[in-house]
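Q: Letter by letter, the chains look like this.
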Amino acid sequence: MLEVRGISKTFNAGTINAKKALDQVSLTLNEGDFVTVIGGNGAGKSTLLNAVAGVFNVDEGQIMIDGVEVNRLSEHKRAKFLGRVFQDPMNGTAATMGIDENLALAYRRGKSRTLRWGIQAKEHKLYREMLKELGLGLEDRMTTRVGLLSGGQRQAITLLMATLQRPKLLLLDEHTAALDPKTAAKVLEITQKIVERDHLTTLMITHNMANAIEYGNRLIMMHEGKIIFDVSGEEKKGLQVEDLLHKFTELSGDSASDRMLLS
Amino acid sequence: MSIISLLGALPGSIAQGIIWGIMALGVYITYKVLDLADLTVDGSLCTGGAVAAMLIVNGMNPLLSLLFAFIAGMAAGFITGFIHTKMGIPAILAGILTQLALYSINMRIMGRATQALSVDEYNLIVSLRYINKSILIGLIFAVVIILVSYWFFGTELGSSIRATGSNLNMSRAQGINTDRTKIIGLVLSNGLVALAGGLYAMFQGNADINMGRGAIVIGLAAVIIGEVIFGKIFRNFALKLASIVIGSVIYYVVIAIVIQLGLSTTDLKLFSAVIVAVALSIPYLKNRYFSKGGSKNA
Numbered sequence: 002m003l004e005v006r007g008i009s010k011t012f013n014a015g016t017i018n019a020k021k022a023l024d025q026v027s028l029t030l031n032e033g034d035f036v037t038v039i040g041g042n043g044a045g046k047s048t049l050l051n052a053v054a055g056v057f058n059v060d061e062g063q064i065m066i067d068g069v070e071v072n073r074l075s076e077h078k079r080a081k082f083l084g085r086v087f088q089d090p091m092n093g094t095a096a097t098m099g100i101d102e103n104l105a106l107a108y109r110r111g112k113s114r115t116l117r118w119g120i121q122a123k124e125h126k127l128y129r130e131m132l133k134e135l136g137l138g139l140e141d142r143m144t145t146r147v148g149l150l151s152g153g154q155r156q157a158i159t160l161l162m163a164t165l166q167r168p169k170l171l172l173l174d175e176h177t178a179a180l181d182p183k184t185a186a187k188v189l190e191i192t193q194k195i196v197e198r199d200h201l202t203t204l205m206i207t208h209n210m211a212n213a214i215e216y217g218n219r220l221i222m223m224h225e226g227k228i229i230f231d232v233s234g235e236e237k238k239g240l241q242v243e244d245l246l247h248k249f250t251e252l253s254g255d256s257a258s259d260r261m262l263l264s
Numbered sequence: 007m008s009i010i011s012l013l014g015a016l017p018g019s020i021a022q023g024i025i026w027g028i029m030a031l032g033v034y035i036t037y038k039v040l041d042l043a044d045l046t047v048d049g050s051l052c053t054g055g056a057v058a059a060m061l062i063v064n065g066m067n068p069l070l071s072l073l074f075a076f077i078a079g080m081a082a083g084f085i086t087g088f089i090h091t092k093m094g095i096p097a098i099l100a101g102i103l104t105q106l107a108l109y110s111i112n113m114r115i116m117g118r119a120t121q122a123l124s125v126d127e128y129n130l131i132v133s134l135r136y137i138n139k140s141i142l143i144g145l146i147f148a149v150v151i152i153l154v155s156y157w158f159f160g161t162e163l164g165s166s167i168r169a170t171g172s173n174l175n176m177s178r179a180q181g182i183n184t185d186r187t188k189i190i191g192l193v194l195s196n197g198l199v200a201l202a203g204g205l206y207a208m209f210q211g212n213a214d215i216n217m218g219r220g221a222i223v224i225g226l227a228a229v230i231i232g233e234v235i236f237g238k239i240f241r242n243f244a245l246k247l248a249s250i251v252i253g254s255v256i257y258y259v260v261i262a263i264v265i266q267l268g269l270s271t272t273d274l275k276l277f278s279a280v281i282v283a284v285a286l287s288i289p290y291l292k293n294r295y296f297s298k299g300g301s302k303n304a
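Sequence lines, in order, name chains G and F. Numbering (this note's numbering) for the first sequence: 2 to 264. Numbering (this note's numbering) for the second sequence: 7 to 304.
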């Protein structure tokens with residue numbers, strides 16, 4: 002579903018601030034894979050997701066989504082393949098627009114936006130049902146401006162928006178990091194439900210190693226722009242947080258990692 | 007101050023306010039909907055006036071000439087949009103560049119700094135001579151533009167323009183071509199501004215190379231006055247747009263009053279700039295000095 006071949010990205014190339022954020026990264030995701038991504042600050046996790054999403058062009062390498070090379074496609078063109086949820090709850094929704102309007106925007110991802118009315122009558126029913134499934138009581142506040150909602154509510158809506166048109170690939174960039182623990186758990190629960198229901202191929206960055214082990218069928222660890230550990234199946238299920246810390250020390254040569262724990 | 011002379015001046019102020027209110031609707035599209043400060047308007051207002059005036063003196067029907075003024079304004083907006091989105095120039099600078107270039111273009115269009123447009127010679131649709139008729143015509147234009155805007159910004163395309171102004175990242179993530187939506191917004195905005203320029207040239211009886219100077223400030227004043235007075239009660243988009251036209255009328259009525267109070271007309275621009283600066287700074291000052299728990303962005 003996703004095939005990344007040897008991509009590299011250096012920010013501020015040629016200056017004293019040059020930073021190699023991705024270093025010959027290759028990664029293949031099969032249909033239905035739910036991969037969690039861990040690593041310290043500056044490991045290249047978000048850069049990897051943003052490279053796939055087309056926020057910037059990579060310096061070298063190739064990115065294929067569902068067999069289509071997307072290297073040359075701009076961010077908005079790649080959007081038809083991708084559902085994205087960001088770390089900052091403010092980022093995924095239009096604050097000045099209603100819940101229904103936001104969903105309607107997402108419903109048209111990958112389609113041409115014409116001079117037809119922005120929300121068709123039949124959509125209201127669909128959105129109502131989907132919001133009801135979230136269990137947050139938002140189905141009765143369809144026209145409320147999203148800016149008036151809490152961070153958790155906004156992330157839940159962003160998740161809906163990301164999956165309203167079934168994406169080839171769902172990119173979750175620490176989408177629970179800015180939420181309080183209880184809300185984070187709820188949003189993760191919703192995430193799991195949607196991913197399972199739609200059999201979505203998913204790439205989820207998280208800082209929470211327990212979450213990284215608990216969710217998904219595969220886990221990758223990044224360090225200094227490289228994937229240093231890649232584990233799946235039964236082996237992944239049996240992991241403990243201590244195992245991951247140990248692996249990190251062993252593979253990165255970094256000491257047991259406040260950097261990883263605290264980041 | 008003479009109440010009588012003030013009352014005598016009021017209908018003219020109202021007509022002027024409605025025409026500039028149409029311009030302010032254009033400013034609203036960029037400043038509020040797209041969240042861009044577009045300075046093209048100071049030039050495109052005159053472009054509209056110049057195009058309409060030249061077409062009228064060459065025999066075109068005044069109403070039809072406004073269509074061409076609209077198209078000329080759209081072209082100006084397209085230039086700003088193009089150099090902003092495709093050449094990476096910040097929007098405010100892109101607008102300034104277009105505005106500067108338009109000075110030469112407007113001179114080319116008119117061939118001189120002022121093109122007279124006598125209501126005796128041409129069948130102008132608005133004029134200082136016929137204030138009541140001008141108010142009526144202005145209102146018809148404003149209402150039609152508001153209704154069409156209400157429809158347009160409710161469509162899929164219009165919604166994507168609103169989304170672009172609300173959250174650029176989210177818009178791209180949802181597959182919106184934000185370069186395109188910005189250009190469309192700038193095109194429509196400057197089209198409306200130029201249309202207002204055409205109307206205003208007829209109203210004042212000439213197109214003048216300086217007629218657009220400070221237009222952006224008047225537009226902002228109208229938007230802000232409308233928002234401050236009606237923001238809490240007008241939630242509907244069409245009503246919000248209507249409040250801008252009303253804001254513009256209020257602005258010109260206030261201007262008429264301060265002139266009656268003895269303010270020199272050459273001091274007006276200073277007066278306008280101060281009013282807008284104060285109005286724009288209120289949200290910031292409120293947040294900074296009067297909110298509990300200090301600044302949100304601390």
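Worth flagging that the hints you see were computed from the coordinates, not collected in a lab. The reader is advised that the hints may include incorrect statements.
[To be verified] Only part of the chain G face toward chain F is listed, based on derived beta-carbon distances under 8 angstroms:
1) Gly-93
2) Trp-118
3) Lys-123
4) Gly-152
[To be verified] Over 10 angstroms on every C-beta distance to chain G, these chain F residues come out as not near it, computed from the model:
5) Gly-14
6) Gly-94
7) Ile-98
8) Leu-103
9) Ala-122
10) Val-125
11) Glu-162
12) Arg-168
13) Asn-173
14) Ile-182
15) Ile-239
16) Ser-270
17) Ala-285
18) Ile-288
Here the structure is a predicted model, which is why all the values come from computation and not from measurement. For every residue, glycine included, the Cβ atom is placed at its ideal position computed from N, Cα and C.
Q: Now tell me, hint by hint, if it's right for this structure.
A: Hint check results:
1. Gly-93: Check passed: Cβ of Gly-93/G comes within 6 angstroms of chain F, closer than 8 angstroms.
2. Trp-118: holds (6 angstroms)
3. Lys-123: With a closest approach of 15 angstroms, the Lys-123/G hint is violated.
4. Gly-152: violated (15 angstroms)
5. Gly-14: holds (43 angstroms)
6. Gly-94: holds (14 angstroms)
7. Ile-98: Correct as stated: the minimum Cβ-Cβ distance to chain G is 21 angstroms, above 10 angstroms.
8. Leu-103: holds (25 angstroms)
9. Ala-122: holds (40 angstroms)
10. Val-125: Holds: least Cβ distance 38 angstroms, greater than 10 angstroms.
11. Glu-162: Nearest chain G Cβ is 4 angstroms from Glu-162/F, so the label is violated.
12. Arg-168: violated (6 angstroms)
13. Asn-173: violated (5 angstroms)
14. Ile-182: violated (6 angstroms)
15. Ile-239: Check passes; 16 angstroms lies beyond 10 angstroms.
16. Ser-270: holds (41 angstroms)
17. Ala-285: Ala-285/F is indeed farther than 10 angstroms from all Cβ atoms of chain G, at 20 angstroms.
18. Ile-288: Ile-288/F is indeed farther than 10 angstroms from all Cβ atoms of chain G, at 19 angstroms.
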